[in-house]
Amino acid sequence: MEEVALVQNEAVAAIRLAATTEALRAVELDFLGKNGRLANLMKGIGALPNDQKPLFGQAVNAAKAAVEAAHAARLRELRTAELAKQFEAEKIDVTMPGRAPRVGRAHVLQLTTDKIKRVLGSMGFVYAESPELEQFKYNFDALNYPPDHPAMDEQDTFYVTDDMVLRTQCTALQGRVFESVKPPLRMFTVGRTFRNEAVDRTHNHTFHQVDCFMVDRGIGLHHLKGTLGVFARAMFGDEVKIRFRPDFFPFVEPGVDYAISTPKLFGGKWVELGGAGLIHPNILERYDIDTREFSGFAFGLGVERIPMMAYGVDDLRHFFDNDFRFLSQFA
Amino acid sequence: MKLTESMLRDFVKSPLDAPELADLLTMTGFELEEIFESEGESVLDINIMANRGDGASVLGLSREILAKDPHAEPTELYQRAASRFPAADSGSRDIWAMASAEIQTSSCTRFACRVFEDLQNGESPEWLKKRLRQIGQRPISLLVDLTNYVMFEVGQPLHAYDLDQLVGGRIIVRQAEEGETLKTLDGVVHRLKPHHMVIADTQKAIGLAGVMGGEETEVTGTTTRCLLEAAHFSNTSVRRTRKELGIATEASYRFERSVDPEGVVVALNRFAELYAEITGGKPVGGVIDVYPERTERESLTVFLKRASGLLGMAISADDAERYLKGLGFEILGVSPDSLEVVPPSWRTDILREEDLVEELGRVHGYEKIPEALPIGSTPLGGPHGFEALTDKIREAVLMAGFDQTISHSLRDLHPLDFPADSGSGENTRVRVRQPHSPEMAFLRNSILPSLADAQRRNNVEDLHIFEIGRVHGTGVESTQLGLMSAGRFDGPGWRPSDSSTADFFTLKGVVESVAQAVSLATQFRRTTTDPRFHPTRQTRVVMAGAELGVMGQIHPLVAEACGLPPGTVLAELTLDPLASVAAGIPDYRPISRNPASRRDIAILIKKDVPYSEISDAVARSGGPDLERFWLFDVYEGQGVPEGLHSLALALQFRRMNANLTDDESNALRDQVVSALQALGATLR
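If you're matching them up, the sequences are chains W and L in order.
In terms of our numbering, the first sequence opens at residue 1 and continues consecutively.
In terms of our numbering, the second sequence opens at residue 1 and continues consecutively.
If you are wondering where the hints come from, they were derived from the structure by calculation, not from laboratory data.
Where hints are given, some of them may not hold.
As the list claims (entries may be wrong) - Pairs of lysine to aspartate or glutamate residues, derived as DMTMM-like cross-links and limited to a Cα-Cα distance of at most 20 Å, are as follows:
no., chain 1, residue 1, chain 2, residue 2
1, L, Lys-130, L, Glu-39
2, L, Lys-243, W, Asp-148
3, L, Lys-368, W, Glu-2
4, L, Lys-204, L, Glu-177
Build out the structure end to end from the sequences listed, making use of the hints.
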């Protein structure tokens, strides 16, 4: 029994003396290890008379617990001190710049297009694409352009051959859809359009357009207004109001010019967004769609106009220049 | 077109002020471009739609206001205009004895004229000069000013000729002869072509029909006899002449938008009326009116239920009748369900029921249309098929750290253009016939030149960019993904030791990860000879069995030619072949709950044994327990014989529903090793 107390005292003293966690580890092995001195004491229990065995066992266990507690306390002390030293050595200047992961950035027109696709897609409009180099018939004839319309002039439209033009509007998708899809239908597209004109802040020979149309039973201008309302509010905010004004485009009748106003962006002024209307019955009839049963609407607008209006971009040319000083401003 | 507030009030009595009248016009479709003050009065500048020439007059705009605004009333002048300014008696002389006219071209529908004698062509009275100044017209002389003024009032262009300068006293409307010349009022001499329509006397052209008169027959201060012309010309002929010769006039502006064929003599009469008011003078003789083919308008019927359905707002028969009457339609019949009407002669744009529906809606007011969402069956919206696949590919490239660019399809030629097929010698470029400038004469046949432009514009060392867009070859339009990568590939930072530099393999990794994102298998075929790329560092890219294009390091000479860093790596992948493969469906396999065991091996092997053969051998020999393996080190140099290199491979084994023992893992490794030894490898 005395020996137990002796070993315990010796252990506690050694623990106190250990100056590093390494030294403490050695003490721990010496006293608390599998073959340590406390374990060895326990092994001697067999030589004792039976009546002393329980008492001895209890004493060794108590000593072990005491030594373990002392060890844990000392370990905590030493770790704290050592960590303090380590922390000091590992000091960094947290004001230095962070290292960013390389993340690809979508073009601002892509961000706009993605939003358009989400909004119109969620309203049941199917996204489709058609060629940029388009047949004359889809770009003009199919859209009810009279044979001598000014837009067909070589000065306004890029011709590759007499029959092939760079599409002047994404509405060129319409005829292609009507050829193969029977109504009811809801479609939209986003793509490039081309006009043969000089480039300046507000004009470019190439720009992007959204074109959206549907044909169903009983479609009227109220459905166009409702759809445009949802679309415009999704793009420009919940307070957007929409205004229709009569206008003329060969492919719609009645034709409207739609403007939006929102107190936040334009101080309540009406800002024209694009052209729209009910699909001209000549077009539907051309594709054997019975205009007594079906009617439809169509609307279009320039994609670039959306960030121009939303962010106040003042130069159309930026959108095709790929200058990352410009592009990195949008997310 | 510009008009002053007082000109409008000559025709309409309305309590509205000028801006309110302008708003009202805007809502009928005649949009206010600008409102400004001039000489103490408001002047409106109104944008006239391409099919509404009738609106290019004070009379026409007044008609719109009267139809739309129930509080507006017509003035006495309006009523006389509506009854077409009946002509006063002009004596008994036979006009055909003084002048004659003939139409020899189908582009002129009607030609009318009157003659004035004993003229004093002095200055106009102040009120007339003021109004012309206010609407941006320069006062010239009474005769010229009145032709202009009447045109603004009623929309019909007029022209005054000095009758004594007309050879033969005869007007012939005809097509120009090839090479015929004409000096117009602005002093410019034009060389004409047969598709230009001219007004001529018996000798030569004296005016460009519908566009501008000639200088020689112009009325001057000494003119004593004048022939006043009013005619109706085809809008296409006038437009073509105006565009080709580059002379836009107030007359051509109106003829292009169509003028009222029945308004021709009306304008002559209004001129005579004003001329008489100012000078006391009268025209002599009657009117010469050559009008070979007058066409009667046919009636149209509009059904109100249909109109209300298309407009989304109800229109009553009473309202419909009032609106159409106000716009000058002749009402043949009204029932509670429908109206039968004849459009007025100035509304050549009204051809079918839907055009009438628009008229009803326009006057009733588009602001009254409610918002409603269409009902009915909707398909699954958004992109599908190829478009959905392209979206996924774009997202994958963005995730791989590439910035997106969007560039012009129209451009000039570039060293990175897709090379012409040297076998057939065919030029695959698509060329625009009349480009605005040589820099945009061709449609790009590759995305790579656009990327090179973007690199040069930004002029930074580290640039990793892509574009997905259309490219054009003869008869083919395809969607292409272009990738360009140069410089440090990690994000911006200040510890350069961490950086990796873009090279063939970083780009290959991106291509592989893109394929993975759409669950398509990729292969790389070594045999390519694309002259734009480094001859021994290029490969063809195959996805889902379809060849998409080529990737590799830029050829040093091409890099020099287009100012790109020599280490730039590029990929040009045409995505269209993927349209026919089902967008990949991921191949699900259950995962094992048992631990994996890894065995690393290092082999020495000849450098000319392609890694693809090594990896094929590993995959084949590893058996089903080889979960994955990867190359983690390549070494050559000290300790490795010339012509050989050392490859370190990690093999990861795992078995479904069972643990692999060390012995089993070792046996599997040995299997792989012997397969590699068969390729000539030795263990290191």
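Status of each hint after checking the structure:
A threshold of 20 Å between alpha carbons decides the hint, and for Lys-130 (chain L) with Glu-39 (chain L) the separation of about 8 Å falls inside it, so the pair holds. With a C-alpha separation of about 13 Å, the suggested pair Lys-243 (chain L) and Asp-148 (chain W) falls inside the 20 Å cut-off, and the hint holds. Distance restraint check for Lys-368 (chain L) and Glu-2 (chain W): the Cα-Cα separation of roughly 106 Å exceeds the 20 Å cut-off, and the hinted pair is therefore not satisfied. Restraint check: the Cα-Cα separation between Lys-204 (chain L) and Glu-177 (chain L) comes to about 10 Å, which is no more than 20 Å; the hinted pair holds.
Checked against the numbered hints above, the structure breaks only hint 3 and satisfies the rest.
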